[in-house]
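Let's have the full structure, built from the sequences with the hints guiding it.
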Amino acid sequence: MKRKDRPVAGRALPGNESILRQLWRDPMGRAGMIGVGLVILMALLAPWIARFDVAKMNSKAKLAAPGAEFWFGTDHFGRDVFSRIVYGARVSLEVGIVAVGIAAGFGYLLGMIAGFFEGRTETLIMMVMDVIFAFPSILLALFIVSALGTSILNTMIAIGIVNIPVFTRTVRASVKTVKSTDYIANARSIGLKKMKILFRHVTPNVLAPFTVQATLALSGAILTEASMSFLGLGIQPPNPSWGSMLSDARKYMERAPWLVLFPALFIILTILSFNILGDSLRDVLDPKLKL
Amino acid sequence: MTERKSEFLLEVRKLQVYFPIRKGLMKRVVGHVHAVEDVSFSVRPREVFALVGESGCGKSTTGSAVLRLIEPTGGQVFFRGDELGRLSEEEMRLKRRDMQFIFQNPYASLNPRMNVWKLLSEPLRIHFQLSPGELRERVGEMLRLIGMTEDQLERYPHQFSGGQKQRISIARALITHPSFVVADEPVSALDVSIQAQILNLMMELQQEMELSMVFISHDLNVVRHISGSVGVMYLGSLMETGDTEEVYRHPVHPYTRALLSAVPSHDPLHRSRHIVLEGDVPNPADPPGGCPFHTRCSLCSGRCREERPELREIAPGHCAACHHVE
Amino acid sequence: MDHLLEIRNLKITTLRGKDKVYLLDSVDLSIRKKCSFGVVGESGCGKSITASAILGLLPYPLRVAEGSIRFDSRDGEKELLKLSRKEMRQVRGEEISMIFQEPMTSLDPIFTVEMQMFEALSFHHPGMGKGEMREIALEMLHRVNIPRPEQTLASYAHQLSGGQLQRIMIAIALINNPRLLLADEPTTALDVTIQAQILHLMNDLKEQRDTSIIMITHDLGVIAETCEEVAVFYAGQIVEQAQVVELFTHTAHPYTKGLLRAVTSLGGAQRKLYTIPGIVPPGGQWSRGCRFAERCEQCMEKCREEMPALREIAPGHFCRCFLQDREVEA
Amino acid sequence: MKKLFAVLLAMMMLLALTPLSLAEENVLRYGVDADAAGGFDPHTISAVASMRMIGQMYNTLVDVDENLNVIPELAVSWEQPDDTTYIFHLAKGVKFHSGRTMTAQDVKYSFERILDPATGALGNSSSYAGDIDTVEALDDETVKITLKNINAPFLANLSSSYCSIVDRDVVEKNGGSLLLADGGTGPYTLGEWVPDNSITVKAFPDYFDEAGKATFDAIEFYVLTDASARLAALRTGAVDLIVADTAMLDLVENDDSIQTISYQSRNYTGLFLNVNRAPFDNPLVRQAINLALNREEIIDFAFNGKALVSGFVPASLGHWAVDVTENEYYTQNLEKARQLMAEAGYANGFETEIIVGLLDSIRDTGLVVEQQLGEIGIKVNVQDVERGQYLDAWNGHNFDIMVCQNGAGSDPSRAVAFFFKTGSSANIQDYSNARVDELCELAVATTDTAKREEYYKEAINIILNDCIVAIVASPQEYFLASTALQGFAPSASNANNFSGVTLTR
Amino acid sequence: MRDYIIRRLLTLIPILIGVSIAIFVVMQLIPGDVVSGILGIEETPELRAMWEAKLGLDKPLIQQYFSWIGRAVTGDFGESFRTGAPVFPEIMNRFAISAELAILACIIAWIIALPLGILSSLKRNSFIDRIVRVVALLGVSVPNFASATLLILFFSKAFHYYTPVKYVGLFENFGTNMEIMILPAFILGSVMAGSVMRMTRSSMLEVLRQDYIKAVRAKGSPERVTIFRHAFRNSSIPIVTLIGMQIGALMGGTVVIEQIFSIPGLGQFTLTGISQRDFPVVQGCVLFIAFLYVMVNLLVDILYTFIDPRISYS
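Residue numbers (this note's numbering), protein chains in the order written: chain A, 1 to 291; chain B, 292 to 617; chain C, 618 to 947; chain D, 948 to 1452; chain E, 1453 to 1766.
Possibly wrong hints are sitting among the right ones.
Far from chain C by the CB rule (all over 10 Å, computed), these chain B residues [said to hold, decoys possible]: (1) Gln307; (2) Thr364; (3) Lys409; (4) Phe419; (5) Arg435; (6) Ser470; (7) Asp482; (8) Leu511; (9) Cys591; (10) Arg596.
Derived DSSO-like pairs (lysine-lysine); straight-line CA-CA distance at most 30 Å [unchecked claim]: (11) C:Lys695 <-> C:Lys650; (12) C:Lys699 <-> E:Lys1575; (13) C:Lys637 <-> E:Lys1506; (14) D:Lys1326 <-> A:Lys62; (15) B:Lys409 <-> A:Lys179; (16) D:Lys1253 <-> D:Lys1404; (17) C:Lys695 <-> E:Lys1575; (18) D:Lys1160 <-> D:Lys1149; (19) A:Lys56 <-> B:Lys409; (20) E:Lys1618 <-> C:Lys703.
Now the in silico label distances, taken between C-beta atoms and shown as ranges [as the list claims (entries may be wrong)]: (21) A:Ile49 <-> D:Thr1272: 40 to 46 Å; (22) E:Thr1463 <-> D:Glu1119: 44 to 50 Å; (23) E:Ile1759 <-> B:Glu536: 50 to 56 Å; (24) E:Arg1460 <-> C:Glu704: 48 to 54 Å.
Just so you know, the hints here were simulated from the structure itself, not pulled from any lab data.
All figures in this text were calculated on a predicted structure; none of them were measured in a lab.
Idealized CB from N, CA, C, for every residue including glycine.
Encoded structure:
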């Protein structure tokens, strides 16, 4: 009751600047933003950046080393690795975004319901989530793709489903925290309806941990797609995803190291950027970690 | 005031709030935390009734239960003669226009993602059908009352100091022109110099808007200043009630006396002779039998351990729950 | 050294983004031996970080930018800010102890009280046997009026009440007989009746021991009850400093006056409370003149332009206000 | 923390000091690309990976040599009193791994087991032993087999492992299943199977044929699914022999310690068109597709050049094969192809789906085909599917175009009738041509090889000219081995022929 | 505590039933079945009918499910459709291997992540902190099949070294077994290290802000004691939770690494089961993995009570 709030006067007033500005100020956040920005830019501008048709084979340039014509070399079909990397950014990002979108959408809904309504609904939802969670994610994804058939959409759906429980849990936990705060009690005390409280007051406050989770899940999705490609259930050729490029390149690792090097480099760059961005975002969004 | 069945705006009778304690394999309820035990009091129109006591005494729970923010376990609350416990959830929701709650911690009770305009217009949108112009007018009027300006409407709570936030908090509660407000420790999170500002504001508004108020506080000085009558709570029960000045000048319950004497004086030359109570407040999950205070009371007798004293009137309007008070 | 502790020109900064922001600005304090010294002020005025700075426990990204803290330790005078980490550790808990606002969170939740009391001993007396430590611990618990010391030793923090925990914290702080005890709002988180118990205990202990106390609080009542000398902090500076009685009877600085009026008027008859208008300016947003100028009823032109110095206006009574200068001059 | 680290460091150092355990025993360590699937029952296991072990564990009555001549194995000789009766004279002193001597009764039992529907044996079809009417043990060493009808390739078909001779006692002791048991007479007996890691077969000292006797104490098959891991294992001497991926061949070209071994397989890879679906019901479209393909380019990309342009009866089938290079649809002619498309009413092309799977070469073929068909306006969506789905499409005849790699077997009855005769289970296209059916029947009903060749060649040409398939290539299979390995001469008939193979370390 | 464990175990029942139904349904939905895998190219309608009868696939679906679950309740997970070998003993064999791999991976992850996490929390926002954070993330950033293949190639080229190809159990030959496991465990560990490091860092940061850390320092505690005895132990709960989740995920989640290093683990068994449509194998594996997951979580929850006296289940 009587607890004095910790000194606050010395604390920076966070909302004075946008989250993006705050991220930018943190060197890690900036690095993450630049990395993610580059990848997104590459994906968006793919048709303009790419130098060749990604599926165009060239028997005269099989496994050509990086050079003036083929910046990143060519693969065993003589296809330009650079162009495939550029378009691969599209595919990989698309997989990541759609999969995370699916996971986030369902996770959000289920988490909100579970967190807000408690009781049996919650028990049931969380039980289902536990069931999904209990599967190793890669096996579950394989299972789903096996059932639905291999296609890029199904890959995304599979990765999406695998990630639903993480989001549900995150959202539910935040809903529960937010729900116990005074401002939700306040909203009730002024006579706001339950559903409105849910959406107007809980949602914006749940978004922060949710966004962090999404950036992290996005990099996870890109990796899962790569693993699925390795196990033969990735996205359909000749569409290049970085994961499938990397997987296909293993045979040529020694003959044509650039086939491994470049996709790996871009995957690393992307995953690192998303992770670092997620970390910094967490720091920015979580006032507890601030002084 | 439409109909007037009693002289009181609010009557609380034998209010009980128990929180279940669950244990064991099937999560059976094995006991209850007796947060509020048989609390009765009444508030007249335009009166400020204060609930005072130490942390965990159940004063805040009482406040929340009165407004059904926590569902009471037992007892009745009458507001303008209506028994609130009988209202449906929807009816209660509509009733909130007239009964509001001010929270202790303005840092936590304002949604950090809503700006002042949204915070203040929200209650109006819920309870009234107003045109945008009327809405703006009502919000503007409220802003003036709390001493803020319209150019601050676009700002978010974290851009304000604690005192300003509490002003906004108060405005949010009062903007629907309720006739009754529960204020739960509205100044305890604030610095001394700011406390006075907020208290002044609350008193002004109370006068101006003809508010009735249940004012919950642990700060005896604040309570003395703001309230007309007071109830002293200990371990979920009312120990003493009455006119504030009367209770402060002539405390009869041993707990009230100890409480009042514990307040540090502000005069270094007259360091007060405290009645220092021994020990701690008992666990509300396992309250002592008899008088709840008997474990720390210097007057404790056999009867106190056995029998729970009722709140009895010992002087006109002055009640105490003690076997030793005549 | 005349004093137990002498703080000179202490400045503390924090980082806001990349900017350095001052939270404490040129504070001088001298604490006599066997004295209980009060530091009073509102949140953010710099009183707590001063205590942290004395023990070298400023949290990141706060740091001492300038100044000196000299301490008359058992083995001679020490400049605390220049001590190595190891030397500083020897001062902490042994010569200067500290108790905190939140007794509930000040004990490590996963260790028993016994272990944490033993720790305080063993850090400074590595060779001490368990039996001896136990004896001392029990004695200390007894001294702070813990009802069942044996049982308490085996308890964890969550099994004890706030009052008991604060007693234990005091016991731990005093276990090595320190020369100085820093009490940072030791009763703020406690209920009035428990606060009374703790203040009572501290007064008792002070009389029994040679320990000086720096009592940091926002509550003038607590100061009035426990201290001999007091410094009033406002916006990272000392605005007034005097013997307690002198301060309460001949209050000089408008801020101190306002503060006192605000609290005393509570009990008074008048309906309208006295208030200090405005808000405490947050660190880094101080004007170049008197920092209280914005809120001062007697503010003059000069106040906004120029920073008044802390001057001795009566023997042992210091005040940072141009009004006082005038009176002294006059 | 420190302690843990120290312990771990010590552990690592210990590991570094343990000398590489050089195989001192006479063991062949063979890195294979897939684990045995399901086990080792010769009658019910179709997986190629399992055949590697089954081939060492079991014998058949007869074998087929490289030139497709039937040669003795368990049967030292045979005679054919009439077109449907075969009398086999068994080798003497053939021992089962249980130590029991094999008799004619066992041969009789083996065929009865194959023919018993409850076994679910794969050899219970006219491609193998399905046409058997009765099996009689004339004495301990003579078996008489009577067929229901004339079946010309019957003898050659008996060389399939689906017709292995098994030990009745072992079958019965194992509840009717040989999946995890060894009831064979082969040069090696089943040792330990650590699924997903290794399979060991051990020398069987009492093998009946001195020439074919085990030359190793054991052969250890290591499941190394990753091609580069297999090569690494070979290079470091962890294994002596590996199944090679053509992509790796030039990496070891200059490596003196590694030899390359290969043989021309009897498999072929190609496109199967669903002739009952538009637009593939249109012969013009089918012709256009055949003409659009540049088979040399496909071989270059998908097989790293290590394959021969081929029809569905590959050159390795010797005199049965048709020289496809003379076929008019085997030479790429884009202009003609476009013209045919236009004629068929698809001047602007069409969109279709091509199912690939199982093997990299199948997938890569599909990818190159996608490019090549694009030239004549056909937009191909490549569907790279998982094994189960691939088989589902195969069995359900549910595809537009499917790229398959099939085995042509040791007799064209397999290569032609099994895949293209009306109603045959492997006729996934539901192709039906009365003349082909008739020719197939004629070819089975006569034992005159010349006649049969004539019938089959006619059928082959009909099918090729119908363009219902666009067969591309017959791949070459590669092994890489340490130069210490000597005498390993795999062939299409017996890719895992370890008789006489030695290691000289 | 006993009651709590029983209650937790009871929640296993609906989870396992849910999982088994889900598996059953999905196995029906998946195109292709075990019979086409067995027969391959030789499939004929007669052979198919024969095999369906042999495997009991000709019975109504509900009956198939109940006959399976009826046996499963008695602890009999049935026999593999393909090899006919009982599933349960094989699962146990595989589990032992996967568990060993998982535990080794965790140990390696801790060795990498805990010191880095602590270091980075102590040096928060410094250059060291940033470097550490990036380094710790490197493991997560590369698909593990790529790093595995690369490592194999590297060791073979640089040291003429290949991990022993023949799997040897831990108790058959400790040294060889470790030699087989260490590389795959290292790769898995380096993947896990990223998140463990992240969790350690944020958890440590949280704890380091606590009053009791300041109080411990104020007692004159050496940094070593402050950091390890107080801060680290207090921040270990979320770390333990994470590790529990990771061990759970590693059971069967290591297919890729198992495949590349030819380790006969649970993941490969499940994967083979899925690709062969071997229902009893898939069902058995997945149920077992789900069971393990719940048990590991329970174990973690029980572990909490040892770390933190405030937590008790009663």
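Each hint, compared with the structure:
no. : hint                                : result
1   : Gln307                              : 23 Å, holds
2   : Thr364                              : 25 Å, holds
3   : Lys409                              : 23 Å, holds
4   : Phe419                              : 32 Å, holds
5   : Arg435                              : 17 Å, holds
6   : Ser470                              : 22 Å, holds
7   : Asp482                              : 4 Å, violated
8   : Leu511                              : 7 Å, violated
9   : Cys591                              : 16 Å, holds
10  : Arg596                              : 19 Å, holds
11  : C:Lys695 <-> C:Lys650               : 15 Å, holds
12  : C:Lys699 <-> E:Lys1575              : 21 Å, holds
13  : C:Lys637 <-> E:Lys1506              : 80 Å, violated
14  : D:Lys1326 <-> A:Lys62               : 24 Å, holds
15  : B:Lys409 <-> A:Lys179               : 19 Å, holds
16  : D:Lys1253 <-> D:Lys1404             : 26 Å, holds
17  : C:Lys695 <-> E:Lys1575              : 28 Å, holds
18  : D:Lys1160 <-> D:Lys1149             : 12 Å, holds
19  : A:Lys56 <-> B:Lys409                : 57 Å, violated
20  : E:Lys1618 <-> C:Lys703              : 55 Å, violated
21  : A:Ile49 <-> D:Thr1272: 40 to 46 Å   : 44 Å, holds
22  : E:Thr1463 <-> D:Glu1119: 44 to 50 Å : 47 Å, holds
23  : E:Ile1759 <-> B:Glu536: 50 to 56 Å  : 54 Å, holds
24  : E:Arg1460 <-> C:Glu704: 48 to 54 Å  : 52 Å, holds
Comparing the model with each numbered hint stated earlier shows that hints 7, 8, 13, 19 and 20 do not hold.
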